[in-house]
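> Here is what each chain is made of, one letter per residue.
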Amino acid sequence: MTEIDKQGRNLSTTVWTQLDRKAGAITELTIRQLRNRISTWVVLGVGVLLISLLLVFYIDSIRDEFEPYDNDGDSEDWDNDGYPLGQENIYGTSDYDEFNFPGSSEYIYQGDIDWNDQPRTHEGNHTWYYAWGYFNPIWIDVNASNPFIYNYDWIDWSLGDYFCEEEGLGSDPFERGPNGYYGFENSNIDRNYCQFENGTYIMFGAAFSGEGEFFVEPGWNTEWGYVTESFFVEKHPKSMYIDEDDIDWDGTSVSSSQGFDDDGDCLKDDYLVESTPSDSNRNGIYCDVQWTYDQYGNLISIRADSNVDEDPDDSRHIGESSHRTFIIGTGKIAFVMLLGLFLPLFLALGLVRDESENGTLHYLLSKPIHRGEFILYRLLGYLAIVVSYTVILTFIIAFITSIIGPGESIIRLSDYPVWMGISLSTILVLIAYGSVFNTVGLVLPRYGVYLCILFGVWEFLMGLFTITIPSSDITMLSISHWAIQIIDATVMIAWSDTPLMQQQADAFGLETGISFFWHPPVHTLGTGSPFVALIISVVFILIFSLGMILIGQLIFRKKEIM
Amino acid sequence: MSDDIKVPSVLVENVSKWYGQVIGINDVSLAIEGGVTGILGPNGAGKSTLFKLLMGRIKPNQGSVKLFGIDPWEDTSPYRRIGYVSESERLYDWMTGQDFVSTLARLHGMTRNEADSRAEHVLEFVGLYDVRHKEIGKYSKGMRQRVKIAHALVHDPDLIILDEPLHGCDPIARTSIMNVIKELGNQGKTVLVSSHILEEIERITEQIVILHNGRLLALGNIYAIRDLLDKHPHRIMITTEEPRKLANAFIGEEPIYGVRFPEEGKLEIQTNDLSAAHSVLPRVIVESEVKVSRIDNPDDNLESLLEYLIGG
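In order, the protein sequences belong to chains C and W.
Using this note's numbering, you'd call the opening residue of the first sequence number 847 and step up by one each time.
Using this note's numbering, you'd call the opening residue of the second sequence number 4 and step up by one each time.
Keep in mind that the hints were calculated from the coordinates and are not lab data.
Note that the structure is predicted; figures quoted are calculated from it, not measured.
What you were told as hints is all true, and nothing was included just to trick you.
Which chain C residues face chain W? A few, computed with CB under 10 Å, are given here:
1. T863
2. D866
3. I872
4. E874
5. L875
6. Q879
7. G1205
8. T1206
9. L1207
10. L1210
11. S1212
12. K1213
13. P1214
14. I1215
15. K1404
16. M1408
Computed list of lysine to any residue pairs in SDA-like fashion (alpha-carbon distance at most 20 Å, straight line):
17. W:K69 <-> C:R1403
18. W:K144 <-> C:N1204
19. W:K62 <-> C:L1400
20. W:K62 <-> C:M1408
21. C:K1404 <-> W:I73
22. C:K1405 <-> W:K62
23. W:K69 <-> C:I1407
24. C:K1405 <-> W:N64
25. C:K1404 <-> W:K69
26. W:K144 <-> W:P174
27. C:K1405 <-> W:G66
28. C:K1404 <-> W:N64
29. C:K1405 <-> W:S67
30. W:K141 <-> C:N882
31. C:K1404 <-> W:W76
For each label pair, taking beta carbons as the anchor points, the in silico distance ranges come out as:
32. C:V892 <-> W:G38: 52 to 62 Å
33. C:L1310 <-> W:Q65: 50 to 60 Å
34. C:S898 <-> W:K141: 36 to 46 Å
35. C:S898 <-> W:I200: 57 to 67 Å
36. W:E36 <-> C:L1400: 31 to 41 Å
37. W:K141 <-> C:V888: 17 to 27 Å
38. C:K1404 <-> W:P236: 44 to 54 Å
39. C:S1318 <-> W:D96: 45 to 55 Å
40. C:L865 <-> W:H124: 18 to 28 Å
Quick reminder that beta carbons are idealized off the backbone N, C-alpha and C, glycines included.
Modelling step: build the complete structure from the supplied sequences, incorporating the hints.
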């Protein structure tokens, strides 16, 4: 069966199909030549090694980060009373005193007489605290144990009665005596009370329980309250205080008060003492997280009250964020900046130069092929190898990380668009650098490699610069800048919550490097759309590459080949 | 096949090419159509420069080069009808002969199958059919030359340009390549063969072009040149311990008209007919029972012939 075109020619031999065959032949020859060179396999092997090392590092580190981690340290039980810090925080007890724990008796303040208050007597059944003055008791509890934690002024009744008359009480007991003690002239006496024979006590800053009338000596003070009954509180396991207060966000993108104190250590509902919950972000709402967005819906800040959303689910936040950091970092540095530079340096620089130096160029140029076409087909052969290599390598690393990566699903499908972006970016870089190096090899057969290395160093530095400060203008003069933009844009498209994750990481102290390795795309022409940045970057690199190929073709067409 | 039958295959008009101060080709004009033409000249005469101009590798400083009426520097289309064997000895050593020829055939727009069968055909023609699946790296020098010729013939060209195709070949390969070239001429193709050895060209063709120092020295039938050559005195230098004894033995031999003792242990004999002299030489040496360590032909090169032609 033969197809005939309008001019009556056999369609299989029209100019276009012949061009096709020539392209195929040169491309194939180039591929076979590159396959036959050891340096090709060395550079491809080193690339595989680099990616494998990164994978090992990933597997090693990402597993640690999935382990639930006690971000706020409240699973510890410092005083060994069996109640972890988190539970003690909820009840307002101390984790540094084994006698003070949820359910233990507690002193509750009721009132006081200050140094300048009037009147200066108070009557009642209380536990008295820092009492300076005269107590006329109805009864006094001489059996009560000390309910106070840091107060050693509790009267130790076990020492027995102690009469003021016998102990040489000073004429004015509330003035310091010659030995610096209150009340007693005998410096050996360290008691903080005594009793008159009529039953009235003098208290020098003592603490005790009892009913009666208390007169506070002018210029001094007392405080009174009661001690609660102890009750049983079940001890929480330490594991309850790991990942116990996740970041709560309802998905809205309007400035609002969000967040919830899941574990109750900010709200303090179970406190026995009346206590004000935290409002450290000063938005007038206790125990919340204030999320602030600008008019375009971009998150500006997250400010949390203390002890709110402070111990998020690690596999969800740190794990996810480290996973993304790994992919972005690998894409930018390993793929774009290392493979993107070294593959063309080894494979593209000599595409035409080596043929010319080997003296085999004659075979190819004595065929009816335009020299410009020749360059193009050589580049196609080079691209066939490096593009398939990049695609396969990206797919392998994408597949492995998407399976062992964090998340509930068996395979993380959302990673694949990002890997495709990385692949696309690397391929474009390979085209751009390949055409530059090939052209340099043509113009400067001998010293071109040094120029290429200089160019590579520039591209590498601009790449690093772009990763840290993508908005700097000078980096726009490099290919790596635009290639990194492509990755930034695809991340924005595939994982649109990455800026949120960065904010959360910064606001809640989850350091994973995501804020270092990723920034929203810059070149959106003011639209903020990552698609615009993606298209602009792709077009820029393609135009640059085409320009470079054209220059190479022009030079090669005018070059005399000896 | 050729619509432009009136246009000569090769047309070179007043072409000059220089590399800086060095002149490669100086005001050369020639037109070649049909049959085998030998391009003769010593090393550096401009043969390779002429071929590079024909193959569009370099651009003439003056004059014009046309292949089938088209300037090869501007347009590669004449190469559809041209096969070129360069003087470069480098090949893709990792390829088999079949692979090499068929890959290059595809650059003419042939399909893979066409290219394969054409490659087999030309490899058979140059006598490499049996080794076509061997790697070129394992080929002998003569086989390498022949595979180069095969690639140039694969698209059945009308004009074949061979740059020193016999260079470095052993006598058997040389004969085989010469036969291939003669056969191409018999098929009515235009063939250009360069060489710096007159004897080689003489065995292939009668039609020659002589280049010297970049200039076209002579163009025409080889017999005209031969006549000049016969008058050209030749010297044969013999290194021996007893030059005088050997000189006596030579006296009276027909082709030899004089002897000389240029230095200790050397004998120079003079002749007008080099081949006749060479045919008597072994017999005389054996009969005289003189030990000979070395025989040189200081004039048996094109350079001295051309010097003679110019000077003469």
